[in-house]
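There are 2 protein chains.
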Amino acid sequence: MKHIYIIGVGLIGGSISKDIKKLNPEITIHGIDKNDSHLEEAISLNLIDEKATFEDLYKADLVIVSIPVDATEILLPSILDNVSDDALVIDSGSTKASICKAVENHPKRRNFLATHPIAGTEFSGPKAAIEGLFENKTNIICEVEKTAFKLHERALTIFKIMGMNIRYMNPEAHDKHIAYVSHLSHISAFMLGKTVIEKEKNERDIFDLAGSGFASTVRLAKSSPNMWTPIFKQNKTNVIETLDEYISNLTKFKEYMEADKFDDIFNDMENINHIKDILNGIA
Amino acid sequence: MKHIYIIGVGLIGGSISKDIKKLNPEITIHGIDKNDSHLEEAISLNLIDEKATFEDLYKADLVIVSIPVDATEILLPSILDNVSDDALVIDSGSTKASICKAVENHPKRRNFLATHPIAGTEFSGPKAAIEGLFENKTNIICEVEKTAFKLHERALTIFKIMGMNIRYMNPEAHDKHIAYVSHLSHISAFMLGKTVIEKEKNERDIFDLAGSGFASTVRLAKSSPNMWTPIFKQNKTNVIETLDEYISNLTKFKEYMEADKFDDIFNDMENINHIKDILNGIA
Numbered sequence: 190m191k192h193i194y195i196i197g198v199g200l201i202g203g204s205i206s207k208d209i210k211k212l213n214p215e216i217t218i219h220g221i222d223k224n225d226s227h228l229e230e231a232i233s234l235n236l237i238d239e240k241a242t243f244e245d246l247y248k249a250d251l252v253i254v255s256i257p258v259d260a261t262e263i264l265l266p267s268i269l270d271n272v273s274d275d276a277l278v279i280d281s282g283s284t285k286a287s288i289c290k291a292v293e294n295h296p297k298r299r300n301f302l303a304t305h306p307i308a309g310t311e312f313s314g315p316k317a318a319i320e321g322l323f324e325n326k327t328n329i330i331c332e333v334e335k336t337a338f339k340l341h342e343r344a345l346t347i348f349k350i351m352g353m354n355i356r357y358m359n360p361e362a363h364d365k366h367i368a369y370v371s372h373l374s375h376i377s378a379f380m381l382g383k384t385v386i387e388k389e390k391n392e393r394d395i396f397d398l399a400g401s402g403f404a405s406t407v408r409l410a411k412s413s414p415n416m417w418t419p420i421f422k423q424n425k426t427n428v429i430e431t432l433d434e435y436i437s438n439l440t441k442f443k444e445y446m447e448a449d450k451f452d453d454i455f456n457d458m459e460n461i462n463h464i465k466d467i468l469n470g471i472a
Numbered sequence: 190m191k192h193i194y195i196i197g198v199g200l201i202g203g204s205i206s207k208d209i210k211k212l213n214p215e216i217t218i219h220g221i222d223k224n225d226s227h228l229e230e231a232i233s234l235n236l237i238d239e240k241a242t243f244e245d246l247y248k249a250d251l252v253i254v255s256i257p258v259d260a261t262e263i264l265l266p267s268i269l270d271n272v273s274d275d276a277l278v279i280d281s282g283s284t285k286a287s288i289c290k291a292v293e294n295h296p297k298r299r300n301f302l303a304t305h306p307i308a309g310t311e312f313s314g315p316k317a318a319i320e321g322l323f324e325n326k327t328n329i330i331c332e333v334e335k336t337a338f339k340l341h342e343r344a345l346t347i348f349k350i351m352g353m354n355i356r357y358m359n360p361e362a363h364d365k366h367i368a369y370v371s372h373l374s375h376i377s378a379f380m381l382g383k384t385v386i387e388k389e390k391n392e393r394d395i396f397d398l399a400g401s402g403f404a405s406t407v408r409l410a411k412s413s414p415n416m417w418t419p420i421f422k423q424n425k426t427n428v429i430e431t432l433d434e435y436i437s438n439l440t441k442f443k444e445y446m447e448a449d450k451f452d453d454i455f456n457d458m459e460n461i462n463h464i465k466d467i468l469n470g471i472a
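Heads up: the protein sequence lines correspond to chains E and L, in order. Numbers 190 to 472, taken from my numbering, label the letters of the first sequence in order. Numbers 190 to 472, taken from my numbering, label the letters of the second sequence in order.
Check before you lean on any hint, since a few could be wrong.
Okay, the calculated bits of chain L under chain E, using three or more residues with CB under 8 angstroms as the criterion [said to hold, decoys possible]:
no.: 1; stretch: 204-210
no.: 2; stretch: 222-230
no.: 3; stretch: 364-377
no.: 4; stretch: 442-448
Derived by calculation from the structure, the hints in this document are not laboratory data. Quick caveat, the model's predicted, so the values are computed rather than measured. Ideal Cβ placement from N, Cα and C applies to all residues, glycine included.
Please build the complete structure, drawing on both the sequences and the hints.
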C-alpha cells in the first residue's frame, strides 16, 4: 500500500490517519473534504500529506470514508466507480443497513468493506483526531462475504496494527444492537441537556450545581448534529423502538415514585448495578 | 480543633477525612459507622485514627455526618443532643429541605450547618475515598442564618482549606435545582442501563458494542441504591417534576422522528450543543 485516501478528515478519518502515519510513514495520505479549511487544518496538523479530489481516487490502494452516514450513502457508489479493481474502500459509519443497501448491486461491491469502529469522542473536526483512538476497541464488520477475500485480508492487517478487535455481524443486527448501546445514549444525553437548559434559565446555576455526574451523563449532548441527525434518520425504526422502551422504563420509575414504591425502586437500581460487571474494562 | 468525628466513613466521609488529615495531622479523627467492617477498613486505609460511638460525641469539636439522607434525618436530632455547646455538626446530604426540617426546632440548631458538597463518584465505601475530591467543587450551604456565626466561620475555614467554592441557598431552592442537575442524571443513567440490559440478553454483545459514549452516559447507574433511594424519596415532588419534563422531551423527540421532522431534530441538537459552553471547566 502506497496511497491512502481519506474522505472526511475529522475525528475518525484524522485518527485513522494518525495511526497509519505512525505505523508506516512511507504511505502517502491524501485528504478529501468538502470543507477546504478542514484540509488545510489537516495538513498543518500533519494528518494528511496532500489534498486530493474524487477524480484522483483511481490511484488509491485504500479509501477510508469517514463522513456523515447520509453523505456516505450518496457518495459511496461514485467512490466505487472511481477506484481501481484492486482498491479497498472502507466506511466507518454508525449505521450499516442503508449503506450496504446503497451498493448492494454495485459492480465493485467486492471492493467495499462495511465497518463500524466503535470509538470516538464528543468532539469533531481535524483537531479532534487522537492517536491510538482505536486501540482495544471493537470494529464491527458487516457482510464480510461480499468483500473480496484478498481485500478483506488487507483490511484486517490494518485493523490489527491499530489494535482493534473484530466482530462480524449482519447489517440489520448491527443497526438493532447499536441503537440500544449507542444511539439511545446520545438521545438520552441530548434530552437531559435540553431539560436542564430549559429549566435553569440562569446558566451560572447549572455551572455551580452540576457535578462530575451531570457532566458525564450529558457529555454526548456535545456531539455534532451534522453527524447524528442522519444516523437517527437512517436507523429510524430501531431508534424509535429503543425510545419507546426507555420512555416506558422512565414512566414506570415515575409511577413507582408517585405510589411511594421505594422498595421497588431500590430493587430495580440494585439489579441495574450489574452494569458495573458488564462494563468492567470498557471505560 | 482537636477531635473530629466522622459518621459514615464512605466515599464522602472518607474523602473529607483524607483532606483534613493531610492538612492537619495533629487532629484526631474518630469514625462512627453502623458497619464495623467499614471502620476496620477505614483504620487500615488510614482514613480514621480510631473507632467511636455516639456516646463519645460530647468530646467532638466537629462532627461530619456523611450517611444516607434518610439516616441523617433520623439521627441528626440525637447527634445534636450528644454534642457540646461549642461543637459544629455538618451534614453532606444531597437533599436539604427534609434534613433542615428535622432539626428546625432543636435547641442546638445553631450548632448545625446544612451543606451539600457537590462532589462524588459512582463508587461507595471507605475504599472509594479520594484525596482532593472537593478541590474546586461547589459546596452549597443552606439556612446559614440559623448557624452560630463562630461555628459557620469554623466551617468556612475547613472548606477553604479543602479548596471548595461556597454558594448560599435556601433548602427548597437547593432541592429544586439539584433535582435537575443531579438527581435526574442518575435516573436517566439507571433507566438507560435498564433498557439496555433488558434488551441485550447476551451480555457479551453489550460489552463488545458499547463504546466510551455508553460507558459515560450510563456511569451513574453504578451508584449505590442505599444512597439514592432515600434521596428520591425525600425529594419526591421535585424529582417527579424533572421526570415529567424529561419524558415529555423524549416523547417530542420520538414524535419528530416518527413524522420525519429531522430538521427540527437537527435544530434541537444544535441548541443543546450550547451545554458545551456552560459545562466548560466542570468536567
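- Hints that the structure is at odds with (numbers, increasing): 1, 2
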